[in-house]
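Engineer: One letter stands for each residue in the lines below.
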Amino acid sequence: MARIDLVDLAQSYSGPDADLESFALKPISMTWRQGGAYALLGPSGCGKTTLLNLISGIVTPTRGQILFDGKDITPLSTQKRNIAQVFQFPVIYDTMTVGENLAFPLKNRGVPKAQIDARVAEIGELLDLTPYLGRKATRLTPDAKQKISLGRGLVRSDVAAVLFDEPLTVIDPALKWELRSKLKALHRALDLTMIYVTHDQTEALTFADTVVVMHDGRVVQSGTPQELFDKPAHTFVGYFIGSPGMNIVPAEVSGREARIGGHVIALQRSYDKLPAGPTIEVGIRPEFVHVATPAPGLLLAQVERVDDLGRISFARVRIGGVKFAARVPQGFSIAGSDVGLVFDPSRVHVYADSRLVEGVA
Amino acid sequence: MMDKTVNQKAWFLVLPVFLIVAFSAVLPLMTVVNYSVQDTFGNNQFFWNGVGWFKELLDPSSDLGGRFYASLLRNLAFSAIILAIEVPLGILVALSMPRDGWRVAACLVILALPLLIPWNVVGTIWQIFGRPDIGLLGYTLNHMGIDYNYVSNEFDAWATVIVMDVWHWTSLVALLCYAGLKSIPDAYYQAAQIDGASRWAVFRAIQLPKLNRVLLIGVLLRFMDSFMIYTEPFVVTGGGPGNSTTFVSIELVKIALGQFDLGKAAALSLVYNIIVLIVCWIFYTVMTNAGVDHTKREGAV
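Those protein sequences? They're chains A and B, same order as listed.
Quick note: the first sequence, position 230, residue 1070 per this note's numbering, numbers continuous.
Quick note: the second sequence, position 170, residue 799 per this note's numbering, numbers continuous.
Take the hints with a grain of salt, since some may be wrong.
Residues from chain B that face chain A, not an exhaustive set, calculated with beta carbons under 8 Å [claimed, not checked]: (1) 816; (2) 819; (3) 820; (4) 825; (5) 830; (6) 834; (7) 835; (8) 838.
Just so you know, these hints were derived from the structure itself, not from any lab.
Remember, predicted model here, so these are calculated numbers, not experimental data.
We put the beta carbon where it would ideally sit given N, CA and C, even for glycine.
The whole structure should be built from the sequences, with the hints applied where relevant.
Structural biologist: Here you go:
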């Protein structure tokens, strides 16, 4: 167990002299708390697996350092770093029994036999593998294989962190839920630092207490699921997290007013000193804006369709050329093709060149 | 019943194949069967002999049986020795091959070269190479004080034939293993790194099990080839000194073309054939069973 610090860490697959914009991972500095449950969330190709492989040592960084508890371990090989990693596709040593599979990482490190047996029994118990420990690890279902892979990741009690690289990709949806809750329970039971890579926001938000959102090789925000929802630091976070994602609309902002296509909506905070150059946008989650009968003073929008998600319905509308989603209040029925939009001023955020601008209260 | 159109014309499409196979394989084989149950003294005169040749062949106390069993034992020993050398050596070569870059292509070409040389050329190369008077190997060995002569010394003859086979065919095993190694996903190596596995543990837990099937094919091919070997030892040693390197096929040719005992030779051919078929069948069964193990899945754990 350890605290992990990344210091100006960057990775380029085309050499250190490549253009910084082409780096798979742009320089980042951040700290992973000991015992935390982290999720690395982002679309495919955003650099999250690269970051994971840098931490585990499978990839050597182009620049920067990785510190475990303040010690620089950047030059160390994977074997010498105290890291466990579970991969997207389960890796099973199929000439061994299930129990031998679990014992393999310990055996390779010369742990005494009695200790191995105890730990394998414990992990087997946690993963419901106890009845199968003596069985050959062949002819298994994908989820059973992945459980064994998870077990091999968790079996070492002294690891600095356990890294999961989209471990549930090959699992049936019904079993996904079960394994994910299991992982969460394991995190509580074993007190290990866990970093979980995924492109699925549900997986990230249910597993982690800190979600790190990556976009185009950069960490754009890191925070609790609630923070990511309430106050996205980047329009990408707003759009990527939440279903439907945040509405982002170009606007002119001055003081406590935002002007969208000639219509003025109120803001709770004041934005007086906005820089002149960048593109200014306002963002609001569909949950905090609702449709109403068109009336003077309301922003007008054209309804395209209504998505009924069961407990809540969202109207897909258009403001000029911009797509927008808004909540349909219960009992409200849309008459005609136009609706008015009612904003919750405290939930409207202002973005300059996609980055959140803090207003003055 | 399914509603299938009955169309007997399909038989006409099979007919050409049937005729070609009959003409090129079945009829010649039947000729051999015909010879094996008869005796002939030339002039196309045949006398019925029943299973007489087979009885004699399988009776170790007869001259024919004695020669058959001796050559069979020699041949099995030869196959066992070359397998014991070529399989581990082939794996070792495959493991030490580069994984990418131009070196891969270079290695593959060099490895493929011996496989492209015709048998009798390989035999001739080694026949000359080993000669104590003008051969580079024989000359060097003798000048180093090692008394090496494959013409007069049984051990030297065997060593030459074995080294020649290893030289000629280890590449095949190596290439098969290389293909098998290439097909192992990187994730396995990464997982093994994470699990702290040593080089040996990686080989035992990942590479060897994954090579299982290609090795079976390699062993089958090398066994069959070495069990039926004729040209190379014939060119180098001619089966000698004495009968020490006379393998089954060399013995067969001696009986058929040297002594012109067509009945005995036909009986030997058929028994030889049956042995090959049985070994093939055993390999086939083992291989398909190994395959089942990987594809069939049992219930959830």
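Engineer: Output the numbers, in ascending order, of every earlier hint that fails for this structure.
Structural biologist: Checked against the structure, no hint fails, so every one of them is satisfied.
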